[in-house]
Amino acid sequence: METESWHGKGFEIEEEPRFHHTSWRVQRVAWSILALVLLAALLGALGRGGPLASAQVRGGPAGVTVEHERFPHYSAPSTLRVRLPADAARSGEVRLRVDRRYIDGMRIESVTPPPARVEAGADELVYVFATGTARPTEVVFRLHMDTIGRVSGAFALDTGAPVRFTQFVFP
Amino acid sequence: MESVLRGAAIYLFLLLIMRISGKRSFAEITTFDFVLLLVIGETTQQALLGEDFSLTNAFIVIATLVGIDIGLSLWKQRSKGFARLLEGRPLVLVADGQVLTDRLDEVRVDVDDILAAGRELQGLERLDQIKYAVLERNGGISIIPKER
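Line by line, the protein sequences give chains V and X.
Residue numbering for the first sequence follows the working numbering, beginning at 1 and increasing consecutively.
Residue numbering for the second sequence follows the working numbering, beginning at 1 and increasing consecutively.
Since the hints were made in silico from the structure, they are not lab data.
Among the clues, some could well be false.
[Said to hold, decoys possible] PhoX-like mimics (lysine-lysine), calculated; alpha carbons at most 20 Å apart, straight line:
{"hint": "1", "chain 1": "V", "residue 1": "9", "chain 2": "X", "residue 2": "131"}
{"hint": "2", "chain 1": "X", "residue 1": "146", "chain 2": "X", "residue 2": "131"}
{"hint": "3", "chain 1": "V", "residue 1": "9", "chain 2": "X", "residue 2": "80"}
[What the hints assert, rightly or not] Anything over 10 Å on all C-beta distances counts as not near chain V; from chain X, calculated:
{"hint": "4", "residue": "4"}
{"hint": "5", "residue": "14"}
{"hint": "6", "residue": "32"}
{"hint": "7", "residue": "38"}
{"hint": "8", "residue": "43"}
{"hint": "9", "residue": "45"}
{"hint": "10", "residue": "58"}
{"hint": "11", "residue": "59"}
{"hint": "12", "residue": "69"}
{"hint": "13", "residue": "91"}
{"hint": "14", "residue": "95"}
{"hint": "15", "residue": "138"}
Backbone N, C-alpha and C define an ideal beta-carbon position, used for all residues, glycine too.
Chain X with its partners taken away, still in its complex shape (with noise of 0.2 Å):
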């Protein structure tokens, strides 16, 4: 019972941290969030298992950590509402070449991280060649240019 337990409890434990960071946090892999990653994970090894390195033990958490992945999947297949709560929605940052600041601010994303985006996905120049800029759910941003 106490696998199951763990393993829940850490999942959604993790999860609502993560969205209260902001999603920010998880998405791009600078070297700030690569060493955030890699040390909640090694903090969460221990937990997950307690004392029990045991071949069942690990199977236990494992399908418990993949039946509850599985299990909002399809809560958020059938809730919009539930969808939404747990991933967000999209943010436009910049639209018509304007850019959003007080959306900015309050995301945590600035003007360098739009124009880096620009110029990583559409190899673009300058903050004017974009139309529009899009905070995506997954905390990456995209870009769409202006019509040359």
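Next comes chain V alone, as it looks inside the complex (with noise of 0.2 Å):
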């Protein structure tokens, strides 16, 4: 039945049964393609939520911790939390140093703590956060991305070493 012509029987058809067996195997090979991504995805791999969604860096006990999505998607909203250590009040200011070239690849909606004022340097932003008997622990950014591929970013306090990390954009 299978590779028997129906020209024969006067049927003008050409089907070529061939072809449909290729496309099968090639469908089937694509369905498990599918359900492999969808899997990642659910995973948080694609990123937007999910256990292998979001990473933390630790710079020490002196340093800040950043937690970031691994994987954030471009123009879309993603959050980021520098956690700050116990003794990061200087003079009564908390002194955040962001790189430069990290902060101008996105569109940053709000800081919270709101910062007292924000000095710029030549590659780096400096968040200057007021404390006074309230001490801030945690600087939350939210953001959106706005370039495509691979960024890395920088954060540190005034007088610590940064702590690098590296976040994949999908388009």
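Join the two chains, each given in its own frame, into one complex according to the hints.
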């Protein structure tokens, strides 16, 4: 039945059974790939939440800890948390330095707590937070990524060593 | 530039995913298929335009989609192999009143679909009135009745 030509029976149709068989095989492979992609996405390997979606980089006991999305999506909302160590304040201020190029690749919607001021340097921005009786333990950046591909960022407390991390922004 | 890339990416992705899903999913408009088509339409809308809702962007994206469509149809015309890749070939499902069950299984069509097509297209009542039933390239089923 499979290789029989219908022309012999007076039915002028060219169905090419070998093509069909190959398509069905390719289709099945494609379905498996689709299933794997969905599984990866469900686990967070493609971003937007899930066990693989976020990462933490620690800067040691005197440094900050940065919690970020491994795979943010272009122009989608993303959150970045910077945890400050207990002794972060110096003369009533906490100074958080950020790599300027990293900030340039995103739109920042809000910084919580809002900084008292932002000092701009050639290749870094310094977010200055006032501390009174209360001391900030965490700074939350809510942002939208504005570039695609690999980005690397760095945060540091005024005198400390920078904590570096990379993200991959999906288009 | 981004407009052209977005338009091209979405067109090609949809083409690919429709081909892998097996064309039946998009040919017959049952409620199931209709909902799917509707939701896919809504999903692609934002991705096609991004955050640029200007007329220019809309024109560029539409021109890209139509351009690719024209390009593919020209290529299809020149290359039989490419046409086959893009659209598939018809497949006989019933021959001389005999249902080719393993083929039906592969394309996920059941006898009910064939009987429905028989009723709709030829006013046939029974399977034994069907000489040939063919799954066409567009996903619909065509019926050739037995001579009376």
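Comparing the hints with the structure gives:
1. 9(V) x 131(X): Satisfied, since the Cα-Cα distance of roughly 11 Å is no more than 20 Å.
2. 146(X) x 131(X): It holds: about 5 Å lies between the C-alpha atoms, which stays within 20 Å.
3. 9(V) x 80(X): violated (25 Å)
4. 4: holds (14 Å)
5. 14: Check passes; 14 Å lies beyond 10 Å.
6. 32: Non-interface label on residue 32(X) holds, nearest chain V Cβ at 18 Å vs cutoff 10 Å.
7. 38: Holds, since 21 Å exceeds 10 Å.
8. 43: Given a closest Cβ separation of 14 Å, the condition holds.
9. 45: Consistent with the label, residue 45(X) stays out of reach of chain V, its closest Cβ about 15 Å off (over 10 Å).
10. 58: Label holds. Min Cβ-Cβ 18 Å, cutoff 10 Å.
11. 59: holds (21 Å)
12. 69: holds (22 Å)
13. 91: violated (6 Å)
14. 95: Violated: least Cβ distance 8 Å, not greater than 10 Å.
15. 138: Consistent with the label, residue 138(X) stays out of reach of chain V, its closest Cβ about 15 Å off (over 10 Å).
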